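Single-letter residue listing:
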Amino acid sequence: MAAAYFMVRKGKWLIGVAISVAAVTALIGEMTASLPAADASGGGDIPMWRMLGMSSALLAVSTLNQPLGELEDAAGQAWHRVRGLVLAAVFLGSSLLFLAGAWIAAGSEIVPLVARAQFGWLGIALLSGRILGQRLAWAGPCLFLAIAIYWGYATDSGPRWWEFTALPPGNSAGAFTAFGIFAAGVAAFIATPWRTKRLRSLLFFRSW
Amino acid sequence: MSALTLTLRTSPARYAALPLSLIGIAVLFIRTDYWMGIWPEAGAAAQTAGYFISLFAAGVAGWAAAAPSKNGMDEQFAAAKVPGTTIEAARLGAALIWVAAPYGLTVAGAVIATVASDGFPSGFPMFLSYTLIGLVPIALGTAWGWLVGRAFPPMVAAVSALLSWLIVSYLLLVFADGVVTVSGPPWIAVDSGLVALRLGAAVLLALAVCMLPRLKRRIAVPAAAIAVSLIAVGASFSTTVLYDRAVPADEDLVCYTGEIEYCLWPEHEKYLELVETVDANAAELPGVVELPERMVDYRLSGEELYWMEMGPEGDVDKEFDSEFDISEGSVWALAMGVSDGIQRVTFEGCDRDLYDDPELGPAIEQFGAWLEYRLAGGGSVDYTTTAPRDIQEAWAEGREIAAEWPEAEQTAWVEDLLDRAKVEYC
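Quick note, the sequences are listed as chains Z and P, same order.
The first sequence maps to residues 1 to 208 in my numbering.
The second sequence maps to residues 1001 to 1426 in my numbering.
Take these hints with a grain of salt, some might be off.
[As the list claims (entries may be wrong)] Distance condition first, Cα-Cα at most 25 Å in a straight line; then the derived DMTMM-like pairs of lysine to aspartate or glutamate:
| # | chain 1 | residue 1 | chain 2 | residue 2 |
| --- | --- | --- | --- | --- |
| 1 | P | Lys1270 | P | Glu1365 |
| 2 | P | Lys1070 | Z | Asp73 |
| 3 | P | Lys1070 | Z | Glu70 |
Hints were generated in silico from the structure; no laboratory data involved.
It should be emphasised that the depicted structure is a prediction, and the values quoted were computed from it without experimental measurement.
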């Protein structure tokens, strides 16, 4: 079933895009460009690999789209298991490819940073998918990228506490933010209507 | 026309208009506000929103382009009486209008903020040029997103459009000039004709993409059209749109005469108040401090002479007025510029070894910092510096003298310093 699930979601294209993004990152990842920023410095130098960090999250979340609509809505346990597995597999696969690309481009110091950021991006994508609908799941990471580029860097103190895509690898606020958002995203993903009802009935001791 | 109004009402991009408007207004106003009152700076502030809107525009365009395929409407579109190109052009046009409207709102916000704060200073055409610059990424992003949305399967269309536009826009930022400007100083001019050319190339790409047939047969002609328009886009971005502006004639400059005559770019009219404040502080300096006759705004002393980059030790043989650069409306920037001008006049004709003297060198750094503090009227400095430790210490001492010593002692210190320097080296 996993194969059919993957095929309906244009699996080959997903793999192709993941490989292309990783290749582009490997080739030009270390380029920097000056992008506008709100702080007094006027503009910040952003390396290419930071712009593409959300690619694996976006690809993973795009598998949550439902080309077979109502048929899939009526599916049972097995289908939901495959859904979660494919999401995790696509996320891990494209993340590893992207990490390889980023490593080639910018060296091994940024690997923990990028790895941590991947989880944050997936969390944002899952949350925005839940709030805006799976077809618009890319809008959340895009918004976060815009906010991070424009407001994420303060001239005197460096990246702000919530900017997990740019804070140094050991930074605790960055790790907390990234994994916290990841946890929220996973919670949004597993909160199916069935589970939400069960939780509500457990909390309020009423039988629905 | 009715096709356009119909698609405007039904385009999926219409839901993007409100969020993008909020983003545009946020990008414009949640930042330093020195741009209010200076038209070119206001234009640059407004056009930064154009880049961020273009990111969303690419994703929205990818989604809207793939929507008919996703919903299985391809055959219906192909069998329609209206030519496919017209349908696509109407849909793309509607999407473009819906993502460009938030940008128009941002531009209007910039106009209102500038007029509300400072009336209508000169330089409005420069504002319009920067606005045009901001429109280019939106148009090109939408066209590119539509292209990727048509070429890729609907499942991955929006994501691929967004990611590919991130890459393309980044490459344009690195290799092309004037794609997204970070500030809009009055000494940089914009070639609106070339920017309009870029916009035209983006529109050409959009029209070529519209020629792609829904049922993917006979794509030779559209593919060729797309290739040609991509070349046109590349060519339009290989031009230079930002260039140094010619220095205006003296009558066109905005001047204030106090202790010193200050002349500024006509667009910098709002800084006259700042200049008056600093001039009043200059009037209170000890009499032994020589003031220059005339100081001008950045790059006004001549086309080739960028005095600020040479510093006070620069070529003293040429006759030109010292410059100041009021970066971001900071009184400290102006004070620093006037301090440099005063130092230049004070040590005119002196031997360069003065600055390397182990005792007098740091003393002159202190003098410069003291001048700056007095001219700015006190308070804490609003800039950070990466100068070497010993120079920063000298500056701190100079500021302390200005802040804490009584006036008579300050005057005595300055007189003594200038005497020693002049006797030995001038």
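Lysine 1070 of chain P paired with glutamate 70 of chain Z [C-alpha distance capped at 25 Å]: 15 Å, holds
For lysine 1270 of chain P and glutamate 1365 of chain P, compute the direct alpha-carbon distance and say whether it is at most 25 Å. 31 Å, violated
Please work out if lysine 1070 of chain P and aspartate 73 of chain Z have their alpha carbons no farther apart than 25 Å. 17 Å, holds
The structure does not agree with numbered hint 1 stated previously, though it agrees with all others.
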